[in-house]
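Dock chain B against the given chain A, drawing on the hints supplied.
Protein sequence lines, in the order shown, are assigned to chains A and B. Be aware that the first sequence starts at 62, since it is given in our numbering, and climbs by one per residue. Be aware that the second sequence starts at 62, since it is given in our numbering, and climbs by one per residue.
Derived by calculation from the structure, the hints in this document are not laboratory data. Wrong hints could be hidden among the right ones.
Intra- or inter-copy, both count: the list cannot distinguish identical chains.
In silico SDA-like links for lysine to any residue, alpha-carbon gap of 20 angstroms or less [what the hints assert, rightly or not]:
#, residue 1, residue 2
1, Lys-336, Ile-370
2, Lys-338, Ile-370
3, Lys-88, Lys-373
4, Lys-338, Ala-261
5, Lys-346, Gly-102
6, Lys-92, Lys-373
7, Lys-92, Arg-355
8, Lys-332, Arg-316
9, Lys-131, Ile-65
Number of protein chains: 2
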Amino acid sequence: MELINKMLEGDKRSCAKLISIIENDEKGGEKIVKEIYPMTGNAHVIGITGPPGGGKSTLTDKLIKHLRKKDKKIGVIAVDPTSPFSGGAILGDRIRMNDHALDPDVFIRSMGTRGYLGGLSKQTRNAVKVLDAYGCDYIFIETVGVGQSEVDIVKAADTVVMVMVPGLGDDIQSIKAGIMEIGDIFAVNKSDLMGSQRTATEIKMMLDLSENLDRRPPVVMVTANRNENIDKLVEEIDAHIAYMEETGNLEKRRRSNFEDELLNLVEIEIKKLIKEKTEADGGIKTYAHQLLSRDIDPYTIRDEILEKINLK
Amino acid sequence: MELINKMLEGDKRSCAKLISIIENDEKGGEKIVKEIYPMTGNAHVIGITGPPGGGKSTLTDKLIKHLRKKDKKIGVIAVDPTSPFSGGAILGDRIRMNDHALDPDVFIRSMGTRGYLGGLSKQTRNAVKVLDAYGCDYIFIETVGVGQSEVDIVKAADTVVMVMVPGLGDDIQSIKAGIMEIGDIFAVNKSDLMGSQRTATEIKMMLDLSENLDRRPPVVMVTANRNENIDKLVEEIDAHIAYMEETGNLEKRRRSNFEDELLNLVEIEIKKLIKEKTEADGGIKTYAHQLLSRDIDPYTIRDEILEKINLK
Numbered sequence: 062m063e064l065i066n067k068m069l070e071g072d073k074r075s076c077a078k079l080i081s082i083i084e085n086d087e088k089g090g091e092k093i094v095k096e097i098y099p100m101t102g103n104a105h106v107i108g109i110t111g112p113p114g115g116g117k118s119t120l121t122d123k124l125i126k127h128l129r130k131k132d133k134k135i136g137v138i139a140v141d142p143t144s145p146f147s148g149g150a151i152l153g154d155r156i157r158m159n160d161h162a163l164d165p166d167v168f169i170r171s172m173g174t175r176g177y178l179g180g181l182s183k184q185t186r187n188a189v190k191v192l193d194a195y196g197c198d199y200i201f202i203e204t205v206g207v208g209q210s211e212v213d214i215v216k217a218a219d220t221v222v223m224v225m226v227p228g229l230g231d232d233i234q235s236i237k238a239g240i241m242e243i244g245d246i247f248a249v250n251k252s253d254l255m256g257s258q259r260t261a262t263e264i265k266m267m268l269d270l271s272e273n274l275d276r277r278p279p280v281v282m283v284t285a286n287r288n289e290n291i292d293k294l295v296e297e298i299d300a301h302i303a304y305m306e307e308t309g310n311l312e313k314r315r316r317s318n319f320e321d322e323l324l325n326l327v328e329i330e331i332k333k334l335i336k337e338k339t340e341a342d343g344g345i346k347t348y349a350h351q352l353l354s355r356d357i358d359p360y361t362i363r364d365e366i367l368e369k370i371n372l373k
Numbered sequence: 062m063e064l065i066n067k068m069l070e071g072d073k074r075s076c077a078k079l080i081s082i083i084e085n086d087e088k089g090g091e092k093i094v095k096e097i098y099p100m101t102g103n104a105h106v107i108g109i110t111g112p113p114g115g116g117k118s119t120l121t122d123k124l125i126k127h128l129r130k131k132d133k134k135i136g137v138i139a140v141d142p143t144s145p146f147s148g149g150a151i152l153g154d155r156i157r158m159n160d161h162a163l164d165p166d167v168f169i170r171s172m173g174t175r176g177y178l179g180g181l182s183k184q185t186r187n188a189v190k191v192l193d194a195y196g197c198d199y200i201f202i203e204t205v206g207v208g209q210s211e212v213d214i215v216k217a218a219d220t221v222v223m224v225m226v227p228g229l230g231d232d233i234q235s236i237k238a239g240i241m242e243i244g245d246i247f248a249v250n251k252s253d254l255m256g257s258q259r260t261a262t263e264i265k266m267m268l269d270l271s272e273n274l275d276r277r278p279p280v281v282m283v284t285a286n287r288n289e290n291i292d293k294l295v296e297e298i299d300a301h302i303a304y305m306e307e308t309g310n311l312e313k314r315r316r317s318n319f320e321d322e323l324l325n326l327v328e329i330e331i332k333k334l335i336k337e338k339t340e341a342d343g344g345i346k347t348y349a350h351q352l353l354s355r356d357i358d359p360y361t362i363r364d365e366i367l368e369k370i371n372l373k
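Just chain A, with the same shape it has in the complex (with noise of 0.2 angstroms):
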């Protein structure tokens, strides 16, 4: 493929058309997946993410910053959490990376959850290779939130910054339990605000009582708008990967992310198939009616559709 060859010599839009194609056209996607997949594997592949309000994008571009000053190439993939009812992606702070719009070793590029039916990752996923296959040494994947999607694309990392940030008020308990354990490291910034100290300290505490981690993730506090701190940040990234190689645990990770992988795809497919095989009936919508009526329970109808699709 044309395209390929372009952006495999460095060409930037080639590399954005690819990724285009990916966000656009399944079959089209699956083709370039398919052709560029021996030519991945080499990127380090970070995921930036927390709850919201913690200045994610600010540390994003800053740790972009650093690192072009070590002559890295880098990738970005922002996730927008659009909605899954209207669509329309709104970018937010993301407009201050466009600094880095007219260096080619930049990449930088927003994917919205509109319309992808649990397909995010998936995108997310491609895009990633292409910024692999492309050459780029880092690549981050940004997402807000803290729910289970936002966990489902930080799997595709091999190593997870969880962006924490003073004054969350009360929910910080219960979104802590929920994240202590996919961060591989902790930043905490905005840590010239009050509490900060605190926050951190909360943190290690919570990460002392953590059992099963093989190794304690490291807390930094960083004040990314101030640039402060963003060093020891690149260093412990880099420590990480560097332990995840020396274990071995860097091979076992991207095997269970694989795994994930898998599953996900089998899934879409699963449910086009559902779509297709049930339409004859009037769809989901038929069964869907016979549920409100009360007609029939819902595993009955489920084990009408598992038939449908010759799965029972």
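Below, chain B alone, put in the same frame as chain A:
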């Protein structure tokens, strides 16, 4: 089933036991749902959601107290965003709800996300069915977070109350974009805090920009911890359901929720089937290993898995 009969007679402990079975024993849960299903469909199910730090539990608590004065029977399912990796639920400030422990007409249950593998919305929905058959007039589903899983959960509701709060920082713009269209009612909580009026105005402006809303969601200022304006919020909840019934939208929404429920049930079975059918070859792990070594690409393996379960 003895437990079901006792629950239908109003025994709270039997109701609790049934929900525990649903949480812990898949086959048992299926049997319960099949049996109680014809007795469901009478409760008004209300999702309480919104970004962290909004004081949702306090608000739910005040809603319960208000509705109890009107002699309504209440159920609450509080969904904890527990780590998908470790298990262990943190109840956080839900402990406050213990006030209602002795009231036979208030049933509160926390459900964690641990171990469900995409099954949380199934468990939540089934617990709602039990509370519905138990005779609850209102059932609240409370979630923390703004991710896809939270959206899935509130999709089980007739009415969604989106709890907003002043001062959530930069990310609020993108959060809003993500949740604007799932809120039927917006409650700006902690409206004694600075900036609450601005938050309300911002929400109204975003609602003005939203297309295809058949009903403009009201924005209610509340201060849950001072019990201010809870009556107004309850009025809006009742007005919403009345509107939904009159327009036929309630039926439409429930049907669409049922479609999601059915797809979710089918998905869970198929995941089990894949596990079973690939076991002889070393399971999905073997496939992941081939991906790691770049021997085959993900799409080719996906097709192999589909073949294994006779879907290709």
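Review point. Which numbered hints does this structure break?
Key: When the structure is compared with the hints, numbers 4 and 9 turn out to be violated.
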